[in-house]
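In the order they appear, the protein sequences are chains A and B.
Residue 73 in my numbering sits at position 69 of the first sequence, with consecutive numbering throughout.
Residue 58 in my numbering sits at position 12 of the second sequence, with consecutive numbering throughout.
Treat the hints with care, as some may be off.
As the list claims (entries may be wrong) - Keeping only pairs whose Cα atoms sit at most 25 Å apart, straight-line, the calculated DSS-like set for lysine-lysine is:
no., chain 1, residue 1, chain 2, residue 2
1, A, K64, B, K333
2, B, K135, A, K64
3, B, K870, B, K825
4, B, K825, A, K8
5, B, K832, B, K939
6, A, K8, B, K592
7, B, K490, B, K592
Stated by the list, open to error - Label-pair ranges, simulated between beta-carbon atoms:
no., chain 1, residue 1, chain 2, residue 2, range
8, A, F22, B, H930, 45 to 55 Å
9, B, G271, A, F22, 26 to 36 Å
10, B, N715, A, P26, 48 to 58 Å
11, A, L19, B, G796, 19 to 29 Å
12, B, K278, A, S30, 21 to 31 Å
13, A, E36, B, A536, 19 to 29 Å
Claimed, not checked - Some residues of chain B that are not near chain A, with every Cβ distance over 10 Å (derived):
no., residue
14, G164
15, I252
16, A290
17, I291
18, D329
19, S332
20, F517
21, R742
Honestly, the hints are just simulated from the structure, not real lab data.
In this text the structure is predicted, and so the values were computed from the model without any measurement.
The beta carbon of each residue, even a glycine, is placed where N, CA and C say it ideally should be.
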Amino acid sequence: MAKKITERYVALIILTVFLFNPPIMSIFNLTELILGVPMLFLYLFAAWTLIIGLNAYLAKRLLMEQFSVRERVAGSDADG
Amino acid sequence: MLSGWFIIMTSFIYIGLLFAIAYYGDKRADAGRGIINNPYIYSLSIAVYATSWTFYGSVGRAAADGLIFITIYLGPTLMFVAWWFLLQKILRISKANGITSIADFIASRYGKSTAIGGLVTLIAVVGITPYISLQLKALSTSLTVLLEYPKIIMPTAETGLPVVTITAFIIAMAMAAFAILFGTRHLDPSEHHEGVVAAIAFESIIKLIAFVAVGLFVTFGMYKGFGDLFLKAAAKPELQELFAISPSADYTQWVTLTILSMAAILCLPRQFHITIVENAGTDHLSKAVWMFPLYLLLINIFVLPIAIGGLLQFPAGNVDPDTFVLTLPMSTKNEGLALLAYIGGLSAATGMAVISAIALSTMICNEVLMPTLLRMVWLRLNERGDLTALVLNLRRFSIVFIMLLSYGYFVFIGESYTLVTIGLLSFAAAAQFAPAIIGGIFWKGATSQGAFAGLGLGFAVWIYTLLLPSFALSGWLPQSFIAEGPFEIALLKPYEFLGLTGMDNISHSLFWSMVVNIGFYIWVSINTEQSAIERIQAMIFVDVDKYSGTTGRSKMWQGSAAVGDLRDLLNRFVGSHRTEQALRDHARIKGLDLNDIMAVDAEFVGVAERLLAGAIGSASARVLVASVVKGDIVSPDEVLQILDETSEVIEYSHRLEQKSNELEIASNNLRKANEQLQELDRLKDDFLSTISHELRTPLTSIRSFGEILFDTPKIDQAQRKQFLSVIISESERLTRLINQILDLAKMEAGSMDWEMSEVDAREAIEEALVTMSSLMDDKSIALDLKLPDNLPYVFADRDRLIQVVVNLLSNAVKFCVDLEPVVKVTAEVDGDTVLVRVADNGPGVPDGVEDIIFEKFQQVGNTFINKPKGTGLGLPISRQIIEHFGGKIWSEKAEQGADFRFTLPFTLSFQIAE
């Protein structure tokens, strides 16, 4: 299970690099206003919020997995 | 209200508050109720990343180049998204090895090398001092601007107020005092400074509040929200340009800055210190990985609005955009907010300066001064008493040295450069550590020579392409150095090295320094051999999962040491309390009496080395322990063998554990299967006893009537006929019963032969009705039939479907005892199924037994009527059949009588045709 989350993390990193770098970003690199704010401004903060949210979700899942693993191996490894 | 003395008083009151918080934090920690042991304080303390550069400089950058400032915060976000692969591993390695600083980390990885520790320290001091100066500069600028209130005048070299220079100096010294008081209070092997961390977290809150307050004021106070502000800006073409990434700052710079800030969040000494060294629990990191980026997001939302607000407010261009955070509230006479903004900037500056000073002083002391002093045999340092004081004094001295150096840099060179340029200069210096760190934790083959060459040459390129030109810009070197290159050699121009043009200075420097750094790191590593201790450290770092918490590492010493020698040594650096505790723990583990131990074994020597490393760094610890241990370092082959054995044992135990888990799962499955079998066995017993009872009833009557006929031959004809008819009907009942039992058994065993085909449900129901019609006529039961013409086909076994309808009809006929008996049969389309109803107006099914009647031999009403009316198998068989067809059968609650219903799914072809 932990392996699955690691794979998700790799996917999230790729997504982050993808969202915050030129090819995708340049699509929004216009001076037009959307909802009263510049398009790129809106895009960057929206993407940023999304990434933080996904990271929070995965980190929580990972922590829970870690706890369950740790509880299972407790006793066999004193330094756990 | 904003008079000079009031502003300066407020500054000092604020700094006094920081002292109070740090004092409280330390007090709580001493009492064992630390306040920093939670992920929120930890996340806030990491926000020391946001310095006065963020606070003032981001706005300046945004006013010049638009949104590109945001890369400085996207980089850390990216690094914190990748935390599981980098930060987490570095943290675990550092905890396992008692790492005290980034220099200690790198030195420790490359064989606890003093040379590498020293080089890293040198790079850090040279690279970070300008950054600390930057904080002082921001502080003095903001103070000067604020003191001119209500006028808005930009400070120049000529108008520099003496009171400002003095205040900046006093604040620098106050920061040094703070760092000394709370950063070098005692020598703690875990290198935790709770008070400092608490104060830093507090400062992070203040600077966020201050910046957001100014942002809200500009956006919603001076303008009517984002829409209004941006709309006004959009009217001016030069402001509209800022909405996108402007042509002057292209995508190369975007990528460079992102990479640079990714490296910075990992490699800046203060970030390493606060994220890794001060970490109070590894689990905190998993919360900080989203809370810290969230903090960065919040503090950045208003950067662009403030920049645009400033440019709209001061169109003449006589106000430096770096001061907008301050001058915007001032220009609208908002004194309280201006003061808050100033305090926010002060928070950002002091937080950074304090942590940097502590981190750098630890490095200077542990990696440079202590190893050097310990090697000077004539000092006889080994024979001195308590050395804790010496170590602490060296650190205090280092802190003062760093602050003075920064102040000096600020006074002599600081005025010529904008905030952003100096900050990026430091980022590029810190980035030099990245290859050695990342390579060091993933690549076992990296050697200390490789790391030394990479770091050293990368640093040299950095000096040449960034630091020296900055001296030239400040007038310390001739301007021609930049314009024409040294000795007028154009290929050596520092900003266009080897003729590389078209990049900004930072991208240019980062490119060349990384080419050299990574290139030599790899090339030299491949062509050199690791020493024994390097190989060991490489294994411990790269395979931290395998070796942490094992004894393999501590067996790196052969031979033993006298308890007295080792105890003295530890006493001197970590204090007697901790020493005795460690000795007692060791004795307890070994099962020995402390008083009986004369010489400690290799294992404890390892423990002692780690304790010492926590206090004075791994390089110094090694030198010290070597001086008291009799015997040498174990030969490389032996150590590697020990490590391999250990890892094999661990591997083996992991496999064993896996096996035992598998076994447990298997035995669980077996237990479940056994329980199921027992349940089935019980059911079978029940079934058998019920069945024998059911079979015996007709048999008994057949036999008794047969006996009567046999014993009394003179029985009259009419009675004989009646008895025989009973025998026949009971035999029929018996046959039916046995047939049904056979059917049911076949169905349950799955060996029934089904002849599945597309069946016209209407035709099947009609045939069932024909079969039952004579019986119904006998009992004069009225039939209420509703069959639509266009019932879809269902996929079923026709004969079995008829059997179900017949079963239901015969039940209805049997139980229909009303004066005007009516049986109602309807069929209709319901969703994607055909719903068939067979209802009567008899006594109906009693409440609560609707499900039970579908079980074997469960007849309702037996108790009221002497003779059972059915076999008790009709409904169970019907259920088996319907379920085989993919439908459902149940008894619906009705007001009067029984109401049995079943559904049959359409055939696929019908659905497609429809």
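- Message: Output the indices of the hints that this structure fails to meet, ascending.
- Response: 4, 11, 13, 16, 17, 18 and 19
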